[in-house]
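Engineer: If you want the building blocks of each chain, they are given just below.
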Amino acid sequence: MPLDIDRYSHLSSPIQRWDPRFKIAALGTLIISIAMLKTLPLAIVALIVVIMILWFSNLPAHFVSHGMTGVIIFLLPFFLIMPVTYPGESSASFLGMPFAWEGFRLALLIFIKAVSIVLTSFAIFGSSRFDVSMIALQRLKCPKIMTQMLLFTYRYTYTFLEEMRRMHTSMNVRGFIPRTNAYTLSTFGNFVGTLLVRSFERTERVYKAMLSKGYQGEFHSLVTFESNRYDWIKLILIIIMAVCLYTVDGWSGFSPAQQGWY
Amino acid sequence: MHISDGVLNAPVLAAGFAGTVVLAAITLRKMDLEDIPKISVITAVFFVTSLIKVPVGPTSIHLILNGLVGVILGWRTFPAILLGLILQALLFGHGGVTVIGVNAIMLGGGGLIAYMVWQLRHRFDIPKKEVVFGSLAGAAGVASSGIVLASALLTTGEAFLGTAYYVLAAHVPIIIIEAAVVGSAAGFLKRVKPEILAGQTSKHTASS
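The listed protein sequences derive, respectively, from chains X and G. Take the first sequence: its letters are residues 36 to 297, numbered as in this note's numbering. Take the second sequence: its letters are residues 63 to 270, numbered as in this note's numbering.
Here chain G stands alone, though its shape is the one from the complex (with noise of 0.2 Å):
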């Protein structure tokens, strides 16, 4: 789910690349030598993973999982969403060139989102947290993502007001999908390698 080239005007397309420079500034600085590789896989696999097909009825929906993202990545999930949405429209012609910026906030917005939604099973003592938090996670990914593609095509023009009712109507069974893939992912996640997961101690949570 990305908007495309000559959609939106030029203030909004501007103020995407603005947030986006902030943004990935903020949350580079974050980063050192050794998660560059380690953020490059996250993205080549997230890059990779947006081409399965989920059959919904008759049609199909493909994986967003910019929750997923944010699940294992935590702040350093909008540098790899940007790199991911850079190479997308650089090689295979999704999205655009233009709207990078404003598709970086849409999808790596989102992405932190989740990563604060995950934060917050810390607080809980439930059992299968990483389940319940992680689809929690999915969910506000995407509906985060909805809601800023909805604002951008309204402060674009009226005219896209329909356009911006169908694109919140559509997310929400992506959105069910979304939640349900990636509890399901991070209870697997930690299960198998908890230490990939953000915020992760792995002995600290094994008992629970």
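In isolation and in its complexed conformation, chain X is listed as follows (with noise of 0.2 Å):
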């Protein structure tokens, strides 16, 4: 079950306080200088620098724990194909298979990386309100289409939800049982074909609603922003992490995840 990722960005912390626009500018830059890590060592200090980021939002730590779950599913079979599967002569043997340490480095590295790239995303859109990171996104020149039909589809996805939720128990009280076969195919399709046409004709209400009060395709917004000292320091500080992070990676003695463990 997603969640909202705004429902605690009424909080008060350094982070929450902290002018989206700058927010998402550093903590972006963040992310694609852990993306570019190769060494394990400091995908380890990337991940300690990002949960003290974490730590620093006040964010609960089972709202964190809750989205990041199905992260960490999604990523554990690497651990079970990439030792098996590294080419050239595996090191050792597990379960009567060949392990490669090699592959096993590589897909710790990528755990690594990816769980402090998610959780540095959960710092920058779950410390705002969504339309709020919206409109900084916008003041940072992303394309206008975009950041609304980010909202718009953000607002619907919920409503659906419902909706599909509601289709769901009509279907189980008519006692529809999802097999392996084509029966259940076809009636998936059908009820994927009866979602799109309510919620199809339904925002069409809302979209002529939206018309006759005016719309012509721009929100206009209340919420404003001030930048202050604070926001500046923060920026500089994640920005020289982010770029420390990325030469040490590079320059140290340690050696690539594929090649040695530091």
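Derived from the structure by calculation, the hints contain no laboratory data. From the three backbone atoms N, C-alpha and C, an ideal C-beta is built for every residue, glycine too. Fair warning: there could be bad hints in the mix.
Cross-link-like lysine-lysine pairs, in silico, DSBU-like; alpha carbons within 30 Å at most [what the hints assert, rightly or not]: (1) G:K100 - X:K176; (2) G:K100 - X:K248; (3) G:K191 - X:K179; (4) G:K255 - X:K243.
So these bits of chain G aren't anywhere near chain X, every CB distance computed over 12 Å [said to hold, decoys possible]: (5) A77; (6) A80; (7) S102; (8) W137; (9) L182; (10) H184; (11) S213; (12) T225; (13) G261.
Restraint ranges, calculated between C-beta atoms of paired labels, are given here [what the hints assert, rightly or not]: (14) G:T121 - X:Q251: 44 to 52 Å; (15) X:W267 - G:L216: 37 to 45 Å; (16) G:H184 - X:W136: 50 to 58 Å; (17) X:P76 - G:T121: 31 to 39 Å.
Take the two lone chains, each set in its own frame, and fit them into one complex as the hints suggest.
Structural biologist: See the structure below:
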């Protein structure tokens, strides 16, 4: 079950108070730098940095961990596949299968990087209201058409989830049990079709209402951004961190994850 | 189905973003104001339906339905799927921020190919052609996504050779399921609300 990301944006913390424009720019840079890391020690440092940022943001742990479960499940297969399929001689064997530590290291690197990046995006979008984040994105020259569609889709997603749950209940009540057969698949097809038609007609009405109220492809907002000294300080701190991570990763004696642990 | 952060190397990621910008620029040019809500609706539905689980033996598979998006939105599939991916990455941590480009090429490109397959139906005069070509489009959408995914893994490094094979093999059941679901959804929409389908002139095909 997805959760609304901005549920805890009202909390007060250095991250929540940070001007969203600066926050997106700074943490976005950090994400790019993490994505380019090649060695395990630096990936672990990055993870610690990100966990510290989240700790500062005061987001409740259960909120973050709930969001992370899906990500971690998605990443686990790498630990199974990579060591077994890594090309070349395998150094060990595990349950009768060849097990290459090189593959395991690579899987570990992927895992740590992915978790750090997702945690960073939690810090970005979990700490301001979603519409405020979108306006901030727009100020950062993200195309207006994109941010508007994001806002619309964000709103609709929850409505349609509700709609889908209702339809699902009514299917269950009528005794539908999904099985591996053609009937199930065609039922799902009709289910998706019905959901589409219902949602479509509903939003057509909404759109007409919007047009009659003068919608011309733009949302007007009362949100104003004001940056102060602290916004700049945080921005510079994070950017220095991002640059350091990247340069130390490239110039230190650490070897890339394919070749060694450190 | 998508690739997550931290797997691909920087050149592949950059190529993904470059391709996405080009495709988005081309497909966005075919849009007008009225399309914004329509695309958002389909994106939201696409997102919500990707939570449906289809039982396959002891496990279950999530629907992807990028073929269905192609069948409905035509060329506007690409911005719609891009949008869906951004939202998933930002809000739910599925996929990831750095791989939005690659994922958009993978799923959005698949959607565009599905649309091309879907349009071929005009050249044939067979009964239930919406179901037939809907199925083909559904299959084409997922199949091309699988191929893009496997090649993105391969260009990243030979360490991923085994993973790439595994990915291709895992796509076979998905292709069958998507073909069945998209075909039946297309047939349903043809009966109930044909104007929702891409390239459908409701009067013209009503007789077939």
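Engineer: So, for every hint listed, does it hold in this structure?
Structural biologist: Cross-check of the supplied hints:
Pair hint G:K100 plus X:K176 holds up; C-alpha atoms about 24 Å apart against a cutoff of 30 Å. Of the supplied pair hints, the one linking G:K100 and X:K248 holds, its CA atoms being roughly 18 Å apart against a limit of 30 Å. For the hint pairing G:K191 with X:K179, the CA-to-CA distance comes to about 39 Å; that exceeds 30 Å, so the pair is violated. The suggested pairing of G:K255 with X:K243 holds, with an alpha-carbon distance near 19 Å, which does not exceed 30 Å.
Under the 12 Å C-beta cut-off, the non-interface status given to G:A77 relative to chain X holds; the minimum distance is some 14 Å. Its beta-carbon lying about 15 Å from the closest one in chain X, G:A80 satisfies the requirement of being farther than 12 Å from that chain. Interface exclusion of G:S102 from chain X breaks down, the closest Cβ pair being 3 Å apart, not more than 12 Å. Interface exclusion of G:W137 from chain X stands, the closest Cβ pair being 15 Å apart, more than 12 Å.
At roughly 20 Å, the least C-beta separation between G:L182 and chain X is larger than 12 Å, which holds for a residue marked as non-interface. Consistency note on G:H184: stated as away from chain X, and its beta-carbon is indeed over 12 Å from all of that chain's, at 21 Å minimum. At roughly 17 Å from the closest C-beta of chain X, the C-beta of G:S213 stays outside 12 Å, upholding its exclusion from the interface. The beta carbon of G:T225 is not kept farther than 12 Å from every beta carbon of chain X, the shortest such distance being approximately 5 Å.
The claim that G:G261 lies off the interface holds: its Cβ sits roughly 17 Å from the closest Cβ of chain X, which is beyond the 12 Å cut-off. Hint check: G:T121 to X:Q251, Cβ distance near 49 Å, so the stated range 44 to 52 Å holds. With their beta carbons about 44 Å apart, X:W267 and G:L216 fall inside the hinted range of 37 to 45 Å. A C-beta distance of roughly 56 Å is found between G:H184 and X:W136, which places it inside the suggested range of 50 to 58 Å.
Separated by about 37 Å at the C-beta atoms, X:P76 and G:T121 satisfy the suggested range of 31 to 39 Å.
Hints 3, 7, 12 from the earlier list are contradicted by this structure; the remaining hints agree with it.
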